[in-house]
Amino acid sequence: MAVAAAPLLTVRDVHVRFAKPRGLVDLLLRRPPSAVRAVEGANLALLPGETLGLVGESGSGKTTLGRAILGIHPVAEGDILYRGRAMGDPMPDWQQRLRREVQMVFQDPYSSLNPRMTIAQTLAEVLRFHRVVPTDGVDDEVKRLLDVVGLPQAMATRYPRAMSGGQRQRVGLARALAVRPSLLVLDEPVAALDVSIQAQILNLLSDLREALGLSMLFVAHDLSVVRHVSDRVAVMYRGRLVEQGTRDEIFTAPAHPYTRMLLTAVPQLVARKRARVVQPATEMTEATAGGCPFAPRCPQAVDRCRAVAPAEVRLSPTHIAACHFAGG
Amino acid sequence: MSPAADAGALLRVEALEIAFRVRGGDVLATRGVSFEVRQGETLGLVGESGSGKSVLCRALLRLLPSPPAQIRGGRVLFDGVDLLALPEARMREIRGTDIAMVFQNPMTSLSPVWPIGDQVTEGLRIHRGLSKSAARDRGVELLRAIGIPDAARRYDDHPSQWSGGMLQRAVIAMAMACGPRLLLADEPTTALDVTIQEQILALLADLQAKNGMAMVLVSHDIGVVAETCDRIAVMYAGTLVETGPAAEVLGNPRHPYTLGLMRSSPRMDEHATRLQPIPGQPPDLARPAPGCPFVERCTFARDACRHESVRLREVAPGHASACLFPESVV
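So the protein sequences, as listed, match chains A and B. So in our numbering, the last one in the first sequence is 578, and the numbering has no gaps at all. So in our numbering, the last one in the second sequence is 320, and the numbering has no gaps at all.
Some clues are possibly wrong.
[What the hints assert, rightly or not] Cβ-to-Cβ under 7 Å is the rule here; a few derived chain A residues that face chain B: (1) S308; (2) V429; (3) V445; (4) S446; (5) A449; (6) Q450; (7) N453; (8) L454; (9) H478; (10) D481; (11) Q518; (12) H574.
[Stated by the list, open to error] Far from chain A by the CB rule (all over 12 Å, computed), these chain B residues: (13) E7; (14) P267; (15) R287; (16) V320.
The hints are simulated quantities; they were obtained by calculation from the structure and are not laboratory data. Think of the CB as a built atom: it goes at the ideal place given N, C-alpha and C, for glycine as much as any other residue.
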């Protein structure tokens, strides 16, 4: 991996907060508005042509971080830089350029496609709005896009409701690719698909990445999918990035106890009735303020973990883990 | 593992055929489905969306609304008694006592406005006639058995106070309350994170080992089934295409669909640069064609597959495939 290349995307100490709704009692008692800290101090870099997998359980903040990168959620603290320039930079045409260069693919294409527009209309609208091609070239470009994502031309006149989940996800990809982006943020793009269709889409993604030199931030909860698509992997827990490394570092030498817990929980395709230990239900106990967020669930936690938040330990030029015991 | 075959089947499904009457004709949700579950055994029912696995489970308990659902033929023998022929009152006694079911979303089985403990023990009071205080004692025990900390206090919590994984445990406790002999678990861990899934699967295996209960575990995730089941039945387009011991079916698949499912799953233990997806889409069940339902997507298909009817045939002891040419599947 070329460490020297300038990153396409840099996420620097980013915090995202959501205001908690205040009830009448809070207002009467003049309690200050409180906030849910969805992302706390995230640092990431994405190199051109690279795929970074972002994994974590529900509520870990992985989707929020992905959306913050697209400007859907405001960033409370920290910077998100694209090609070295802040996403919020007031330079003329910068926002317009970002909207073309950074595209999102959602989990459920059905809820992100207009049900009253045919596939051709959906794609043509994007092409016209962003003036990707001259007006008389729009029809040809729609045909080309359908080819690129492997949809038969006959699909052009269909409505989203008359398509299967896999076909709709191909349309979602075609729409994202219509503006010829450099960076795709994919939020659980295959989570809703059956495994045989999921494999079709994953192969398509790797073909597109090869052919178009795309960079991807791949947000997913399924570790086997993330392992399949990613060059590097970042693991999130309760709003914090707890470990980052190359695919091999994360999957063969995980350094954070949470990563190890995730990896051992993934069912394998081998017939073996596992002897499992019945663990108590994990309660949503709050981590002690100032301590490690994973301490309440961590099998290795000691007093220090509950008192002091672990700093990031650098295990290799590409491997970082936020654990007191990492590397030691 | 499975007790001696001569112990006989606890559940025996014979040639079950379920249709849905919809506008423009009938959709055959299952066609000629036959299988057995022995006492203490776990059968994994795998298949993709629309394969008919959930419909099949619900039909066993007669939970499908009719119309539109219609059972066209076949028998469901539980302990030798055909459930499809029982009067509704008798069926209601069986549901929740002898056979229990757990669904994917725990909130489909829980009321948001009642204390969880009362809901878990409702069956005990109705079916077993326990008094309120006796039911409470038993309920606290049940909650403790499924790993709920501080069970006596949490008994009075409402569902909104619990996490998804805890609620799924509560639903399992509810299903286990009357000591069922058969548990139907329909995607019990699909909505949960992997670490919670691990806990729930452990819990099911543990309860099963203690009570000697049989289980049908429905899942789209072949990995989940591989790790929990004694035997596997693979379902495609409303038919069973392969059945057998888990190690046999996964180690030596004899139907191209089973092989395709395995090859299209990304693996944790090795890195393949390319997956091998199953080409095409599942067939339209409203327009059943003659021949094998998988023929259009099959890379091994021959002429005979288009018109000859297929059915499960034994390829090794206890291992059956509905492929006409099982020896060519490699």
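Hints, one by one, checked against the model:
1. S308: Holds, because the Cβ-Cβ distance from S308(A) to chain B comes to roughly 6 Å (cut-off 7 Å).
2. V429: Interface hint status for V429(A): violated (27 Å vs cutoff 7 Å).
3. V445: 5 Å, holds
4. S446: Hint holds; S446(A) Cβ to chain B Cβ min 4 Å, cut 7 Å.
5. A449: 4 Å, holds
6. Q450: 4 Å, holds
7. N453: 6 Å, holds
8. L454: 9 Å, violated
9. H478: 4 Å, holds
10. D481: D481(A) check fails; min Cβ-Cβ to chain B is 12 Å, beyond 7 Å.
11. Q518: 6 Å, holds
12. H574: 21 Å, violated
13. E7: Label holds. Min Cβ-Cβ 24 Å, cutoff 12 Å.
14. P267: 4 Å, violated
15. R287: 8 Å, violated
16. V320: 17 Å, holds
When each numbered hint is compared with the structure, violations occur for hints 2, 8, 10, 12, 14 and 15.
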